[in-house]
Amino acid sequence: MTDSTERLAPQAGEAIDRSRSFEFTFEGRTYTAHPGDTIASALAAAGVRVFSRSFKYHRPRGLLCGAGHCPNCLVQIGDEPNVRSCQRPAEEGMAVKAQNAWPSLDFDLLSLTKYFSALMPVGFYYKTFIRPRFLWPLYEKVLRRAAGLGKVDPHSHGEGFSKEFLHAEVVVVGGGPTGISAALAAAGQGARVLLCEEQAALGGHLRFWGAQEALPGLLAELAGQPRIQVLTGTMVTGWYADHWLSAVQGKRLYKIRARSVVAATGAYEQPLLFAGNDLPGVMLGGAVLRLLRLYGVKPGHRAVVVAGDAQGWEVAQALRSAGVEVGAVLSGDGRDGAEGFEVLRGYAVAQAEGGRRLRRVVLADGQGGRRRLDCDLLVLGGNWAPAADLAYMAGCRAEYDADRGEYRFAQMRPGFFAAGRVNGVPGIEGQRLDGQRAGLEAAGYLGLGSGPVAGLAEELRQLGPTPARAWVPPASGEGKNFVCLCEDVTDTDVQTAVAEGYESPELLKRYSTISMGPCQGKMCGINALHLCARARGLSMRQAVRTTARPPTVPVSLGNLAGQHLEPVQHTPIHQWHLDHGARMMGAGLWMRPEHYGDAAAEVRAVRQGVGLIDVSTLGKMQFTGPGVGALLEKLYVNPWRRLGVGRARYGVMCNDEGVVIDDGVGARLGEEEWYLTTTSSGAAGVFELVQWWMQAGWGEGAHLADLTEAFAAFNLAGPQSRTVLQRLTPLDLGNGALPYMHARQGEVAGVPCRLMRLGFTGELSYEIHCPSGYGLHLWEALMEAGKALGITPFGVEAQRVLRLEKAHIIVGQDTDALADALSVGLEGVVKLDKPDFLGKRSLMRVAGAGSQQRLTGFRMVRPGLVPEEGLQIVERRGGKLEIIGWITSSRFSPTLGEAIGLCWLPSGLAGRSGSEFSIFREGELLEARVHLGAFYDPAGEKVRG
Amino acid sequence: MLILDCPNCGKRNASEFRYGGEVHPRPPAAQQLSEAEWAHYLYMRPNQQGVQSEWWYHRAGCGLWFLAERHTYTGQVTRTWLPENPKSDD
Amino acid sequence: MWRKVPLRDEYEVVIIGGGAHGLACAYYLAKDHGITDVAVLDKSYIGSGGSGRNTAIVRSNYLTPEGVRFYDESVKLYEQMACELDFNVMFSQRGHLTLAHSDASVRTMRRRAEVNKLQGVNSRLIWPDEIARLCPHLDLSDHPRHPIQAALYHPPGGIIRHDAVVWGYAREADRRGVEIHQETEVTGLRVDDGRIQGAETSRGLVKAGKVLNATAGWGSTIAGMAGIELPMTTFPLQACVTEPLKPFLNTVVVSGSLHVYVSQSDRGELVTGASVDPFASYSLAGSLSFLEEISGHLLELFPCLSQVRILRQWAGLCEMPPDFSPIMGITPVEGFFIDTGWGTYGFKASPICGKTLAALIATGRTPDLIAPFRLSRFAENQLVGEKGAASVGH
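Chains as they are written, first to last, in the working numbering: chain A, 1 to 945; chain B, 1 to 90; chain C, 1 to 394.
In isolation and in its complexed conformation, chain A is listed as follows (with noise of 0.2 angstroms):
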């Protein structure tokens, strides 16, 4: 086990608890850590350096920011790949290991690859790997094995994802100083506030730096405010249209509707340009501020530190209370060495030293001198760059403000404000102000108080501009000097690059790919700007920034999607057919029985004797009122106007491309009541459709109810149907009392009902619809009342084939989305007389011009041979077999004893009973034969009778 031997003795304010400790595994070895440690920082706690090695180089990678921005920490845990460890808390247990590193993080031959960086600059894999081109794929696989960082395991299994939705006036982005402030003055308008931080606990930077003291007082301003929300741990990683914020607090994914946005979400610290620049031991202020005073451990030894502002100053303090020797400060700021320290003016660092850690800084004064110190921690301090992603995806656009050193808002989108560092405050004072200022607009954007008074910003302007910060141009010196780290690209690879006439930094970042690993740029967009338009010879106001996108922060899939749900709909049969052994499949949303065991008896029993089915996911619609005879005539093909009561008929319905997109069944029940029905599949967008025809203009004197849902439906077929439906109502089915293609309404099995006498299986048939509440009951009186005769349920592959032997076709099946209805056989259902109707324009123009393909039956020649749906028909020309159509309905009928089916075929063959074609069947040509009409019964009369 591990001696944590760089923890110091406890911290005022600090997050761990050292009263306990646990035991987790890193690579191997076991360490121990307190709660509220990271991963990293109980790491760094026991002296570990090395976190990780880098994605093309395998270079050794130490702590470097300490705020989950750069890719230096990333670990495996278990099964979970890409973990920032300087975030994520430590637990018993845990099993951590390095990634993209082999065999070990300490001693990963892949690092071998920087004896051939010379041949791997930027962009290498396009100029190389060309010739042979049968080795390209040997070439790419190595590529790929080197490729990728952490490890998706098979496994894995993730739970416990949630949603929720949040609504709030004023949304505001970040709980430190400015944060807090801004929700304080928003809330004190009368305005709903949530507040979001990043991290467990509020108060942004003033946790571990500057103007400590002032934490407890705006937390206790805070605490107990009824108007506003807090959320901790909780990251806002993406603004979308109208103030639509995605949030991620450990696996909830929060989705607010925010009427106004304050982004109080600081700045990011950046590294410097110097060779040796990613060497373990160099680290930013912040994240050796953290480890001292967050978790009492002790960053290094010997330390230098670059103080490019007050919190460079603060380091050095801070490194010194700790015990920690530090060599030097590098004055960026024009301050003294009044405390103690050896201050260096004028020098910048110019290398960095060491092979698997910092041993040596190398500093330059600009004219040739040099010094050479000692020291195994490098600190930079004092370059920093607005976390403003948030603000530019809210189309929020900011300018390059030279003398203040970095990006400055120019204008916001109205209900999107910005505040404190991010809007370039620094300091407790000005935070306080602009983040005041902020709430106060956000407010009186939204009607509440008056905004800030006119004092506020005067005040602002008195603490006067930010200080101006030169940005640090890359030091001359032997090694490489990395600009994106995730990716190491170098600046010379940014310099080659821009050279070859990758000028513009889009084309950049996708020729060089920095910014696009996992930091998402936070650490290396703004230099790899400053370096392309250096290279350009452009100022920083000429280069146009690559645009930010969400999420702000890597969010994961889990988080994304949340709880599994998939919504599913039932019949009031299910239980019943599940019960009966059927076979259930799904059929859009619905869950529909495919058979109950032998489909082939099921097409038996409805042809010899009776069979039930539930049809109960047809779409239902009831029209009322004296306009819908007028109506339907538009909608559909056919004529309805004219339909006497207690009639039904068969209804497609086109659009004005005269392409059949449904089909159904229409019954007259009153003068003005009309009952038709639509495909399943159909059914919501046929609905859609119809009322927008009533809104634009047809629906005068309609009215229309979607009642798909309120009934259930059955369909009764077979010569025994009419037997057992007697035996459970009043009415008259006699032939002549309830013929075919009539319908009625009367009680059947004690319930009120619609009967309609159709023949899509082609035996005589009644469908039966009721209110959904009694659909069980009915279904089981009609089982009941059949089963002396044998009754059958069938279910939809039985249902396929009755209708195909009588050559019904399903729309969707038979039909796609260039099918009009004449070709598809439905001349005796198209009435091209009507004054006007969907498709009529179109269909006369086929009409005239004559259809180039037609929809037929067709029957094989070897009767036992059953072609699958979607084969090709071919004609030889030329030597090439020529697609000339295809199958689209194929099956055995067990009542004829053969193969039957439908086909798309060119109109002249197609129209000839008896021709002969070929299906193209896995190299083989299968004699088919063409088969006008229905296959069974074709007189029709089993449906009359």
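For lysine-lysine, the following DSSO-like pairs were computed, each having C-alpha atoms within a straight-line distance of at most 30 angstroms:
| id | chain 1 | residue 1 | chain 2 | residue 2 |
| --- | --- | --- | --- | --- |
| 1 | A | Lys127 | C | Lys4 |
| 2 | C | Lys246 | A | Lys127 |
| 3 | C | Lys43 | C | Lys207 |
| 4 | C | Lys31 | C | Lys43 |
| 5 | C | Lys117 | A | Lys141 |
| 6 | C | Lys117 | C | Lys387 |
| 7 | A | Lys480 | A | Lys114 |
| 8 | C | Lys76 | C | Lys31 |
| 9 | C | Lys76 | A | Lys880 |
| 10 | A | Lys634 | A | Lys834 |
| 11 | A | Lys251 | A | Lys163 |
| 12 | C | Lys387 | A | Lys634 |
| 13 | A | Lys127 | C | Lys43 |
| 14 | A | Lys880 | C | Lys117 |
| 15 | C | Lys246 | A | Lys251 |
| 16 | A | Lys298 | A | Lys480 |
| 17 | A | Lys141 | C | Lys76 |
| 18 | C | Lys246 | A | Lys97 |
| 19 | C | Lys4 | C | Lys31 |
| 20 | A | Lys480 | C | Lys246 |
| 21 | C | Lys4 | C | Lys43 |
| 22 | C | Lys246 | A | Lys114 |
| 23 | B | Lys11 | A | Lys163 |
| 24 | C | Lys31 | C | Lys207 |
| 25 | C | Lys4 | C | Lys207 |
| 26 | A | Lys151 | C | Lys246 |
| 27 | A | Lys831 | C | Lys387 |
| 28 | C | Lys31 | A | Lys127 |
| 29 | A | Lys880 | C | Lys387 |
| 30 | C | Lys246 | A | Lys141 |
| 31 | A | Lys141 | A | Lys97 |
| 32 | A | Lys127 | C | Lys76 |
| 33 | A | Lys255 | B | Lys11 |
| 34 | A | Lys97 | A | Lys480 |
| 35 | A | Lys141 | A | Lys127 |
| 36 | A | Lys480 | A | Lys151 |
| 37 | A | Lys151 | A | Lys163 |
| 38 | A | Lys114 | A | Lys127 |
| 39 | A | Lys151 | A | Lys141 |
Derived from the structure by calculation, the hints contain no laboratory data.
Guided by the hints, dock chains B and C onto chain A, whose structure is given.
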């Protein structure tokens, strides 16, 4: 996520609605149109960047179709309204 | 890679759109026909449109014979591209699977397999045991709401480095004398007496007797400048990418029912997309709904990925014609050619598109391969029926 102001129900998330396409009135005298003119009605669309009138259906709500004016680039919806019901032309 | 030269005021051919299509056309004009007095204009950087935003899938397993023949020619050109352009476009023919989750879907997949076979394209229907061998991480149990029944397996399909295609064509076209002008936006078209005269740009008027509209997504905008309406509606198509992972997904996987396609790039990231956005728009901002839906669908296919993280999302524009087939060739304005209607299937057609349009522009004759895609087909009622084979069901 875009907010749409349903004339019936008020402001709702766009996910409650189904887009119905650019407003494209059906020619009243279809039979007199030439093939090219009919094909133009069936298929051709302005499809420009700018404000367009379009149909929306409140699928997860009142089930009414309504019209909206929306800028196809900025996404800004300037107004929504219910269609007037002209008399059927027959 | 390509020169920066001043924009002249006249060229023989002006190509509007510096994406893979426009640059391929410029390349073939120079290479096949010796026409080099060509200017390619792009309003931003080359490849900033669809070419840089697609999910880089190349395949030819379409539904109609015309479609299959067309895309197959493209695949063949892609196979030779690295050698031809001397630029490694990293075409990885690792196999393409289109999953079928219902019997209707199996029927469509069989139909595609048969049509493919008859055009000489390698595709076949495979069943869960073989799918498991090709893609062990897929959930092939009947646990999912929509269990996988079969798949259309297309071995020659795969993925490619899409930006490299743009750069490769740009460099070769430039080398042969074609001029590429970035940051040059066309703001109008000059038409006189039914004939194109040139293009008005943000950098001045450029005269030309032949102008090609190769601006997928903005096809209607440019065509509108010549007074032409096209049968398309523009929708955003979103995509996203995950953090890099060690390689585990070796084929491209598509599910029409679940509206998702995914592949693993050579950098280790999963690249994934779905169907077009639900309403027409020219905005390139992504949406949260897209991320939520695609994550749900990916996890239904690959339940082991719940801890994999999305790194970045983006969108491109797709102009959708009614028959899901491109609109290529001549227009009523003489000398004005269009290369539009590319929906969600444009990038994979870049090489053959460039080649055929170059032939048309050079010779005035429409090549047979693209005749089915003419603009006049709508008035002639000769739509191409590709709706069943666009990557996700619409």
